[in-house]
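S.K.: With the hints as your guide, set chain B onto chain A.
Chains as they are written, first to last, in my numbering: chain A, 289 to 534; chain B, 7 to 280.
No lab work stands behind these hints: they were computed from the structure.
Be a bit skeptical, because a hint or two may be false.
To be verified - Each computed BS3-like pair below joins lysine-lysine, with the alpha-carbon atoms no more than 25 Å apart: (1) Lys50/B <-> Lys406/A; (2) Lys406/A <-> Lys202/B; (3) Lys93/B <-> Lys124/B; (4) Lys202/B <-> Lys151/B; (5) Lys169/B <-> Lys202/B; (6) Lys93/B <-> Lys204/B; (7) Lys169/B <-> Lys93/B; (8) Lys50/B <-> Lys204/B; (9) Lys204/B <-> Lys151/B; (10) Lys247/B <-> Lys44/B; (11) Lys247/B <-> Lys13/B; (12) Lys247/B <-> Lys352/A; (13) Lys169/B <-> Lys158/B; (14) Lys419/A <-> Lys50/B; (15) Lys158/B <-> Lys320/A; (16) Lys204/B <-> Lys169/B; (17) Lys158/B <-> Lys352/A; (18) Lys13/B <-> Lys50/B; (19) Lys419/A <-> Lys406/A; (20) Lys13/B <-> Lys276/B; (21) Lys151/B <-> Lys406/A; (22) Lys320/A <-> Lys465/A; (23) Lys13/B <-> Lys44/B; (24) Lys93/B <-> Lys406/A; (25) Lys247/B <-> Lys76/B; (26) Lys419/A <-> Lys204/B; (27) Lys123/B <-> Lys247/B.
Just so it is clear, the structure is predicted and the values come from calculations on it, not from any experiment.
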Amino acid sequence: MSEFTIILGAWVSAGLTLCIFSFLYEDNPLFKVAEHLYIGVTIGYSVTNLIFNSMGPNIYNPLKEGNLMPLLPTLLGLGFLTRFIPKISWMSRISFAFVMGYTSGLSIPTTITSQFLKQLEGTVYPLLTRKEGLLDFSRAAIGHDISVFILVAALLTVLIYFFFSVEHRGPIKAASKVGIYFIMIYLGAAFGTTVMGRFSLLYGRLFDLYTYRAERYYYATPVLLVALIFFLVVYTLKQKNKPAES
Amino acid sequence: MNDFLDKLANVDRRYLFLLVIAAILFPIVRPLALPGLKVTDSVKGVYDQIEALPAGSYIGISFDFDPASKPEIYPMALAVTRHAFRKNLKIVSMNLWITGTGLADEILTLAANEAGKKYGEDYVFLGWQPSPIAVITGVFMDIYKVFPKDQKGNDARSLPMLKDFRNFTQLGYFVTLGAGSPGLPHWVQFGADKYKIKMGGGCTAVSEPGYRPYYPVQITGLIPAMKGAAEYESLIGMPDKAYAGLDAISLGHFLILILLALCNLIPFVKRFTK
Numbered sequence: 289m290s291e292f293t294i295i296l297g298a299w300v301s302a303g304l305t306l307c308i309f310s311f312l313y314e315d316n317p318l319f320k321v322a323e324h325l326y327i328g329v330t331i332g333y334s335v336t337n338l339i340f341n342s343m344g345p346n347i348y349n350p351l352k353e354g355n356l357m358p359l360l361p362t363l364l365g366l367g368f369l370t371r372f373i374p375k376i377s378w379m380s381r382i383s384f385a386f387v388m389g390y391t392s393g394l395s396i397p398t399t400i401t402s403q404f405l406k407q408l409e410g411t412v413y414p415l416l417t418r419k420e421g422l423l424d425f426s427r428a429a430i431g432h433d434i435s436v437f438i439l440v441a442a443l444l445t446v447l448i449y450f451f452f453s454v455e456h457r458g459p460i461k462a463a464s465k466v467g468i469y470f471i472m473i474y475l476g477a478a479f480g481t482t483v484m485g486r487f488s489l490l491y492g493r494l495f496d497l498y499t500y501r502a503e504r505y506y507y508a509t510p511v512l513l514v515a516l517i518f519f520l521v522v523y524t525l526k527q528k529n530k531p532a533e534s
Numbered sequence: 007m008n009d010f011l012d013k014l015a016n017v018d019r020r021y022l023f024l025l026v027i028a029a030i031l032f033p034i035v036r037p038l039a040l041p042g043l044k045v046t047d048s049v050k051g052v053y054d055q056i057e058a059l060p061a062g063s064y065i066g067i068s069f070d071f072d073p074a075s076k077p078e079i080y081p082m083a084l085a086v087t088r089h090a091f092r093k094n095l096k097i098v099s100m101n102l103w104i105t106g107t108g109l110a111d112e113i114l115t116l117a118a119n120e121a122g123k124k125y126g127e128d129y130v131f132l133g134w135q136p137s138p139i140a141v142i143t144g145v146f147m148d149i150y151k152v153f154p155k156d157q158k159g160n161d162a163r164s165l166p167m168l169k170d171f172r173n174f175t176q177l178g179y180f181v182t183l184g185a186g187s188p189g190l191p192h193w194v195q196f197g198a199d200k201y202k203i204k205m206g207g208g209c210t211a212v213s214e215p216g217y218r219p220y221y222p223v224q225i226t227g228l229i230p231a232m233k234g235a236a237e238y239e240s241l242i243g244m245p246d247k248a249y250a251g252l253d254a255i256s257l258g259h260f261l262i263l264i265l266l267a268l269c270n271l272i273p274f275v276k277r278f279t280k
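Isolated chain A (complex conformation) (with noise of 0.2 Å):
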């Protein structure tokens, strides 16, 4: 790659970075176009990849040797496109019942087999962490233990919150309050996980940032931060002396 695309990718990168990011001041058009440019870039470079490296390999190059074998499957996938003219719209039904059955065919029973029975014996596994055939008492497996039979607990009490054929009432009732501090410890625990995913987030964009300001990259990030900030000051006076719509 050479010096012009790198200094060239990092001006394009801060830019763009500033933009997304002045939408925490207040909506404006700069956010706007950014945003449209990352959906064009994305189709674009999607559309581009997907005629390329697998419709040209899997369709057009099989079917200019000979191989008729594509040809099916391509009519099933145009299939889908009959839906835009209302007399033919019906030969969709073809392609969509294909792919419900193929899906249906591969997923019910591997669903069943992995995200349900396996996930039971993760649960449990090993209820009680056991040594050369007997039961291990180091600190480390009994704190596993520990920590199953808190997963069990879990697991019991709020399936039990969720269990509406019978009244919550005596030890149900208590059983599915101790469910609902276990489902309380997980939603805090996803929001705490979200946090630190967002900040990783931040974190890439303002690193990116913070390198694009050297004298390599001809200060890319001040330079832009300081036309972002003019252009900001600049729309929020002309808003202002907008006249109100009526």
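M.R.: Chain B only, in chain A's frame:
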């Protein structure tokens, strides 16, 4: 007193954005090197499996993320790739997210150049194909039917590294580094569980609570977000961007804790002072 508390409770949120940016930016400008990073069992679960593979074994890596999740997944993807090259493993890679194709290529090229590895002999990048479930099922049967050509446009069968390779059941280990769907659950359901291969994964922080139940029965290890990536970087002895980012994350979390405490304290103090 109450006026001040009211003002504090209704402060313009843009000041809070500035505070958050300052908290994250400060450690980037002035690294703090905060102590306390401990390698967890789930991260070690991926590391140990790769470490145990003999040189020359096949390892599969699927880069299932896009630029939007680059700061979280890119560091762990680079660390795992570097580890695989250091162990002289043969990498068969691909991706399920079309917009991540360029990033996957960049990671492989960077790590390969560092380790002096050659394309086609030490690693291949098969690229992306549509319909993830069909792709996963297909690569476990015959990769050449799913990927007749690699991402560079070469005939996949002509690559020297794939001379004796037919499908993913020949992998010594498989890792998916993903930002969501399609990703780890699909690889577990349609790949590892069905074809009985060992696999591990890496994920974003948001996905971590949902992916935990797969460990340790269905996956041998899980690298969660930037923290997991930092642990992996420390395991391979190559601290990089994730390791450096932990200070920023810690400071950001500290700020959120203070703000949460303030939000909860203000109504309490107001009631008390009435």
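S.K.: Take the hints in turn and mark each one as holding or not.
M.R.: Hint-by-hint comparison with the structure:
no., hint, result
1, Lys50/B <-> Lys406/A, "22 Å, holds"
2, Lys406/A <-> Lys202/B, "13 Å, holds"
3, Lys93/B <-> Lys124/B, "15 Å, holds"
4, Lys202/B <-> Lys151/B, "21 Å, holds"
5, Lys169/B <-> Lys202/B, "23 Å, holds"
6, Lys93/B <-> Lys204/B, "18 Å, holds"
7, Lys169/B <-> Lys93/B, "21 Å, holds"
8, Lys50/B <-> Lys204/B, "14 Å, holds"
9, Lys204/B <-> Lys151/B, "23 Å, holds"
10, Lys247/B <-> Lys44/B, "17 Å, holds"
11, Lys247/B <-> Lys13/B, "39 Å, violated"
12, Lys247/B <-> Lys352/A, "47 Å, violated"
13, Lys169/B <-> Lys158/B, "18 Å, holds"
14, Lys419/A <-> Lys50/B, "21 Å, holds"
15, Lys158/B <-> Lys320/A, "35 Å, violated"
16, Lys204/B <-> Lys169/B, "23 Å, holds"
17, Lys158/B <-> Lys352/A, "20 Å, holds"
18, Lys13/B <-> Lys50/B, "48 Å, violated"
19, Lys419/A <-> Lys406/A, "23 Å, holds"
20, Lys13/B <-> Lys276/B, "12 Å, holds"
21, Lys151/B <-> Lys406/A, "30 Å, violated"
22, Lys320/A <-> Lys465/A, "47 Å, violated"
23, Lys13/B <-> Lys44/B, "41 Å, violated"
24, Lys93/B <-> Lys406/A, "32 Å, violated"
25, Lys247/B <-> Lys76/B, "12 Å, holds"
26, Lys419/A <-> Lys204/B, "24 Å, holds"
27, Lys123/B <-> Lys247/B, "23 Å, holds"
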